[in-house]
Amino acid sequence: MEYLSRQEEMVLLSVYHLKSDASLVSIRRFLNKQTEKRWSMSSVYIPLDRLKKSAHLDITVGDPTPIRGGRAKKFYHLTDAGIEALEKVQKVHETLWAGLDKLST
Amino acid sequence: MKTENKKPDKLAEYLLYLTLPESESSFLLGDYEEEFNFLREQKGVLYANIRYWILVLESIPGFIINSFYLGFDMFKNYLKIAVRNIKKQKSYSFINISGLAIGMACCILILLWVRDELSFDRFHKNTDRLYRIVCEMHLGDAVRYTESTPAPLGKALKENFPEIQLSTMYYDIGRANVRRKEKIFREENFGFVERDFFAMFSFPLIKGSINSVFSNPYSVVLSESMADKYFKGEEPIGKTLTIDNQYDVLVTGVMKNFPDNSSIKADFLSPFEIALTEYYGPDMPQNWGSHTFATYLMLGENSSIQDVISNIYNYKKEKIDPESSIRFIIQPLKKIHLYSKHISDSIFSKGDIIYVYLFTALAILILLIACINFMNLITARSGSRLREVGMRKVVGASKRNIVRQFFGETLLLSFLALIISIILVYLILPEFNSLSRKNLSLFSLDNLTVIFWLAGIALLTGIVSGSYPAFFISSFEPVKILKGTISSASRGLRLRTILVISQFTLSIILIIGAIALSGQLDFLRKKDLGYNKDHVISISMSTDAGKRYNLFKKELSRIPGVMNVTGSFSPIVIKQTAISGLGWEGGDPNNTVRFWMEYVDYDYTETLDIKLAEGRSFSKEFSSDITDVCLINEEAVRQMGIESPVGKNFEFDNNILKIVGVMKDFNFNPLHSPVEPIILRFNPSRLSYTHVKIKPDNISAALGLIEKSFKKINPDDIFRYRFVDAYFDLLYRSEQRIKTIFHWSAILGVFISCMGLIGLASYVTQKRTKEIGIRKVLGASETGLMLLMIKEFIIWVIIANLLAWPTAWYAINKLFENFAYRIEAGWMMFIIPGLFALVLAIVTVSVQTIKAVRSKPVDTLRYE
Chain A
-3 MEYLSRQEEM VLLSVYHLKS DASLVSIRRF LNKQTEKRWS MSSVYIPLDR
47 LKKSAHLDIT VGDPTPIRGG RAKKFYHLTD AGIEALEKVQ KVHETLWAGL
97 DKLST
Chain B
550 MKTENKKPDK LAEYLLYLTL PESESSFLLG DYEEEFNFLR EQKGVLYANI
600 RYWILVLESI PGFIINSFYL GFDMFKNYLK IAVRNIKKQK SYSFINISGL
650 AIGMACCILI LLWVRDELSF DRFHKNTDRL YRIVCEMHLG DAVRYTESTP
700 APLGKALKEN FPEIQLSTMY YDIGRANVRR KEKIFREENF GFVERDFFAM
750 FSFPLIKGSI NSVFSNPYSV VLSESMADKY FKGEEPIGKT LTIDNQYDVL
800 VTGVMKNFPD NSSIKADFLS PFEIALTEYY GPDMPQNWGS HTFATYLMLG
850 ENSSIQDVIS NIYNYKKEKI DPESSIRFII QPLKKIHLYS KHISDSIFSK
900 GDIIYVYLFT ALAILILLIA CINFMNLITA RSGSRLREVG MRKVVGASKR
950 NIVRQFFGET LLLSFLALII SIILVYLILP EFNSLSRKNL SLFSLDNLTV
1000 IFWLAGIALL TGIVSGSYPA FFISSFEPVK ILKGTISSAS RGLRLRTILV
1050 ISQFTLSIIL IIGAIALSGQ LDFLRKKDLG YNKDHVISIS MSTDAGKRYN
1100 LFKKELSRIP GVMNVTGSFS PIVIKQTAIS GLGWEGGDPN NTVRFWMEYV
1150 DYDYTETLDI KLAEGRSFSK EFSSDITDVC LINEEAVRQM GIESPVGKNF
1200 EFDNNILKIV GVMKDFNFNP LHSPVEPIIL RFNPSRLSYT HVKIKPDNIS
1250 AALGLIEKSF KKINPDDIFR YRFVDAYFDL LYRSEQRIKT IFHWSAILGV
1300 FISCMGLIGL ASYVTQKRTK EIGIRKVLGA SETGLMLLMI KEFIIWVIIA
1350 NLLAWPTAWY AINKLFENFA YRIEAGWMMF IIPGLFALVL AIVTVSVQTI
1400 KAVRSKPVDT LRYE
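Here the protein sequences line up with chains A and B, keeping their order.
In terms of the working numbering, the first sequence opens at residue -3 and continues consecutively.
In terms of the working numbering, the second sequence opens at residue 550 and continues consecutively.
Just chain A, with the same shape it has in the complex (with noise of 0.2 angstroms):
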């Protein structure tokens, strides 16, 4: 079975919660202030592109902007094989981090 990447799976959760403001720059600045640290633009968007050819995202793309010089820009949605992986992953984190919080006591 193929497990997302941290990565990709950190990536994809952003696009859940971004809804209908999942770009690049919205979703790279989500990440940086969620996990406090600091994500090139790059290591944003190869997750995103590569979880593009796997189908679990979906691309629509929006007018071009001045502030953009212009250019238009892509918004990316969770498709249903998206959702199926994120379901995954969130099960077997459940039965894997299950009990952690009595591990520091």
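None of these hints come from the bench; they were simulated from the model.
If you're wondering where the values come from, they're calculated on a predicted model, not measured in any experiment.
All C-beta atoms, glycine included, are put in the ideal place defined by N, C-alpha and C.
Possibly wrong hints are sitting among the right ones.
[To be verified] Below, a sample of chain A positions facing chain B; criterion: calculated Cβ distance under 10 angstroms:
# : residue
1 : K33
2 : R64
3 : A68
4 : H73
[Claimed, not checked] Listed below are several chain B residues computed to face chain A (Cβ distance under 7 angstroms; list not exhaustive):
# : residue
5 : F576
6 : N586
7 : N615
8 : E1200
Let chain A serve as the given structure and place chain B on it in line with the hints.
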């Protein structure tokens, strides 16, 4: 600003563009630009551009690696072509790569040094909370700084300021004899510290526990290497060592060796009580007037140093003595190594932050020059790739593909250069370490960081050097190439020329500097000092041995190889004490003459062959010599302003000192200073050195006998001696080090300059191949053509010389300011490097042009 949309830096955008896959580039560039504008709104264009560059640069490696997955086959083709090209132009590739490798190696070495300097004292767990006290002393108009503080200070500060959690004093006695049974050695790095020392600093214990090591006041903690030295194979804990034959200490612990990058160095740590009982009086702990020990403080966890700075500064004035002109400054531990140049005395070696800046700049400069040479050479040889580029474009390669290909080639060369430079660094490191007195190693700390930095250097070099050639080559138009009517651009020629000339100028300056320093050091070594230091050894004596000096002297005079024996308080080549404010008969009571003081035995002037101008030396014939007589030198007489000084008296400190003779001037101090006044007082009870002049025919035999005598009279002491002329050379250690640096820099500079010249010459030659062809057709001889081509370069070298000479002249004068005795900067010092540079340039250029000059006009003019 919001209405008009600014664009991010074009270069950064283009670099990014190159690494992006074709289909995505528009969207991604838009994303980056969106971030740029967001940042621009926050903090302005400049800030946004800097952040944009960072965004680009940190993404590039990721995209490049990603593209390998995508376009592996194309990549293989590029690789094949790149390797083939390197093989085709073997000598050029070799020169190019090695030039870059040498530049990288220098850069890496310097950066290793810088990293070490910056890393001092950071390894303690509490580094950020540790400080030491520096005393600021106001003496009249002058301000002096010292790390010696009053003994009561640490405790007083701890009691009065809740922010200060712990404190300790630190005392290093310098040198002592350590004995264990029959093993006896002279050791340094003794520290006497208070109990809190181990809690403050992270010097972990291998044996023994922090709480118990100092429970006995006469105990010692050894470093690993000392434990090994004195107790190999045995258990050191519980055994004793004898210090200076004065007292015994019990070994209660063993600690790990102090790291090299610690400004505190100790091999032996003992409780501070010993310092008080053995070396200073019991009233020391209350004595505010005497500054003897260093004081270190540790702040509490949540305290801020700002709260206590001003209170500590004025502490003595406010709490102890309102008249006091002493202030206390707090210096963070991290800053001690690099920011203590202004502090006059320090038991530990100091660095200087200025050198850190200087050498970092130098490293960057060297790498930059190496990159530029690399760039030049590639561009110069690019003519042979024209047809390939033309074909590729015809078959459908976009300009971007071509650019990527050549960038790739440059990166390949760059990484090859990196590998070679790593090997070079590995080979040179031992020599570099001895020069810099450090213990640097390429892979000492986390390997990942090192690899990251090295790869970063190679990447940066590759990108910087590859950009110009890549753009240059990719801009060729296929039609023109295949038709054969390409005209190389001549822009950048001026820039390149200036670059090569400056490289030569720098090299010439370095060569002149090296020659000058060699000459100066030679001169110093051979200069007549007014006394004879040949075949004289100085034996250092402890207080005990000093008491038996007369016995020792008698024994020595029986040895056949010994010509003369005398003794003194200071070493022969350097003096330590000077006084002023003396009075003498017929002198001005307000004089400011400064006299050096030296205490000697009989036979001082005879042993060292010091000539007398008037009067006599000390002699047993005069019983009055037992008390209060002295010799002075001619310079003293001059400054005192008296005539016939023999028989006159000095008056000071309730003493009367009679002058019995005047010595001819001799250099008793290093040659940085001219001869100053000196008083040689007869006082055989204050001697620390025995000087023995040995017959030159069998020195080693004589030395053996001398050592035997010493051991016979001082069985518990160590026999330590030095040859006076060896000691003399030691004084100029730092100048010798600078000379070595100049030597190597000169060699490096010459090499880099030649590289630059090769690039330039081959470029120019290539440009003029057609011109050569035409001239040949019109009847020019090969020799004539060579002269024509070389002429320009000769002019440039001469310009470089003319620029170099005044700069070198100024630099040499500045360098030799410290010396009272110096050589004259002669003509040869300038002419020889100049001629050398000229010959070198001619040879280098000839090799380039000879091929072009010999080629048949038929070939060069073919496409016209």
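Do the hints match the structure? See the list:
1. Hint on K33 (chain A) is violated. Least Cβ distance to chain B is approximately 13 angstroms, over the 10 angstroms limit.
2. Contact between R64 (chain A) and chain B, as hinted, is supported at the beta carbon level, the nearest pair being about 3 angstroms apart and thus within 10 angstroms.
3. With a least beta-carbon distance of about 6 angstroms to chain B, the hint placing A68 (chain A) at the interface is held under the 10 angstroms criterion.
4. Checking H73 (chain A) against chain B by beta carbon gives a least distance of about 15 angstroms; that is not within 10 angstroms, so the hint is violated.
5. Checking F576 (chain B) against chain A: minimum C-beta separation of about 5 angstroms stays under 7 angstroms; hint holds.
6. Here the hint on N586 (chain B) is kept, as its CB sits about 5 angstroms from the closest CB of chain A, short of 7 angstroms.
7. Taking 7 angstroms as the C-beta cut-off, the interface hint given for N615 (chain B) holds, the closest approach to chain A being about 5 angstroms.
8. Of the supplied interface hints, the one on E1200 (chain B) is violated, with its beta-carbon coming no nearer than about 77 angstroms to a beta-carbon of chain A, more than 7 angstroms.
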